[in-house]
Structures are given as C-alpha cells and as structure tokens.
Amino acid sequence: MTDSSRLMDIYVRLNDDFEKDYCFSVSEGERVSFIRKILHNIPQITAPSPFFYRDPLGFILDDTPGYLTANGNVLFTARVITPELAAHLIDESKTFGEVCLNGQLFLPVWKPNRRFQILVILLSIFWIYLNIPLYISPTPKCSMAYIFNIVIGYLPAFLDMPYLPPLAQWVMMIVQGMICVAVYLALSIGIVNPQSFRFVPQFIFPPASNKWTVTKEDLEQIGWTGARKQTPAEWRSSYFNKKKEEGAFKSDEKLVDGIILGPGEGWNSGLNATYDKTSDLWVLPYASIAERKHLAEIMEKEVSVTNKWNLLKSFRHKGNDDPCEETTNHFLRRLVLHETMTESKKEK
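Residues 1 to 348 in our numbering are what the sequence shown spells out, letter by letter.
Derived from the structure by calculation, the hints contain no laboratory data.
Be careful, since some hints might not be right.
[As the list claims (entries may be wrong)] Here are the simulated BS3-like pairs of lysine-lysine, each with C-alpha atoms no more than 30 Å apart in a straight line: (1) K293 / K242; (2) K211 / K293; (3) K308 / K293; (4) K141 / K243; (5) K243 / K308.
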C-alpha cells in the first residue's frame, strides 16, 4: 500500500539525452500521465530532434541496475529504446507509487516523424540537383550555374571570366552537398530543434504545444526541483579531483569510484524486493535508507532554509558528499563481491 499524499522523487529524461535527467517531486498517488503535464510546462522542446513528434507515445521505466558510486548513489546510464522496449509502455492510469521506486527514471518514447524527415531529404536532393554542373545537367536552364553565368555576363569585363568554369561548378555542387549533409545532421542530433517551421504544413510537422512563458507557480505545480542527475563520467571526474586534492591516492594507483550493478540490484530491484541483512547486494530502497537518514541529520543542523534546499538539491544531483559509515561499509562489501564475481568469470 502507498500513501497517496506522500511525496517522492522521479526523474524524467529530456531530449533522450542521459545528461538531461531532471528530478521532479510528485505525490505517490499521482498518475503516471502527470509526466505529460511536466513536459508541457517545461519551456523548451523536450523531443530529441525535429525528426520526432513533439508529444511522446508514452513512457517506459528505466530498470537497468545502474552505476553505484562510492558515496552510495545509484546513477543512471545511457539506454537505447528498442522497438521491443517501446512496445511495453507503462499504463498511465497507474500511480507512481504503484509502478516505480523513489528516485527512479522515466524514459519518454518518441515517435519518429518520417514525413518531415523525407521532406528534408527530398529538399536536399532537389537543391543538389539544382547545383549540378551546367554541361551535364538534364535541365540546364534550371541550374544554379546558368544563373551564375547570367550574373557574370553583367559584371565588368576586367574579371576576364565570360562564364563559370566547369571546375568551379563542381566545387559549388560539392559545397552545397556538404551544406545539405550538415543541415541534415544538425536536425538529426537536435542542434537545430525549433518549436515549428513556418514553411512546413502542420500535417507534416505539428508544432510543439509547450508553454513558453512559465511562472514560479507553474514550476511548483509540476514539482520542478532544478536538480539534474549526475552522469557516471561526471562522477568519476569530480571524485578523482576530490581525492587528488585530498592526497588520498598516488597518480599510479587505481581509484575505485564505483561499480556497475547486476540484475536484482539498484533500479532493477523491483517494488517487491525484500531486505536481507546478510546480503551484500545493493537492493533498493533499503540500501539507500542510511544515506537518506544521514541527509536528514545534516539538514537538521542547518539553520538557513536556503542551505537546506541546496543540500537537498545536491543530494538529488550526486548524493551526499561524505557518506555515512554504514553506506561506506556496505559499498566495500559490495566491492569485494564484485571483485570475487569478476575473478570467477575469468576462471571460467
């Protein structure tokens, strides 16, 4: 049973980018469909690129175990949404308390916009066709080289160029082709990701329905925390720099900053996981209880509300800077288990 009024954290991946996993505070009794309201009230495009429709088909829960850091935080990893995964969308009428762990990640599933993609390809082919050299073009009077020749004819005679040379025509076509490829790639990876394209009909490219002007109250209604989950690469870099400043290890020494968890651990623990004191596995939510208590103790000592908020935001981003003794001991036991399992695999 879940308390429908109790708050919990969820993360939502924006732009299908694992460096954009943002935290939202929601009630356990809120329905999963609430994520659509979240996406609608974020004043930015949340789809990966213009080659995807702006509204997601649905959502899946990221149940990959994750990456356990030395301070007891379980980070998310990159995940490709295959057609098999996309076929198992979460029932949006269910509540968050019924489907996910506190702090788990939801992945929007985006439908490809093939119409717009084909339109861009056809326009690119047409533009390259217009730049075919004049002497091999099937329609020479439609060639850009033909237009250049007309322009050159009106230029002063000192240019000593009665027409555009064939080599220049080939260079022009190659350059235009490279520009078309660059534009396509920029659209594909989302460098260019506008709300809409005015020259494109809406049945080909429906515009985004996001609210572009939001207030503080709007953000509060969707549980915006401003916290983004740290990536494993960011954690390794910050942990390495921290230990280096502390002089905790030598330059030629191997620094163990985390472990890739296995099935039944981390975010793969499931809602029906049981607590076993004798197990060294990292099973959620039980393995994170000590760190949450540790955070509560640290926040209780703080007088400033701003400092308390910053501590909570930092915890949502990367966990506690200094883990409690219970978490450290559990991590060391899990590290020994990891090394034992690795050695046994090598022997096989």
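Status of the hints after comparison with the structure:
A C-alpha spacing of about 24 Å is found between K293 and K242, which places the hinted pair at or below 30 Å, so the restraint holds. For the proposed pair K211 and K293, the alpha carbon gap of about 37 Å is over 30 Å, so the pair is violated. Our distance criterion of 30 Å between C-alpha atoms is met by K308 and K293, whose separation comes to about 14 Å. Taking the CA atoms of K141 and K243, the gap is near 69 Å; set against the 30 Å cutoff, the hint is violated.
At most 30 Å may separate the alpha-carbon atoms for a hinted pair to count; K243 and K308 meet this at roughly 25 Å.
Hints 2, 4, counting from the list given before, are not met by this structure.
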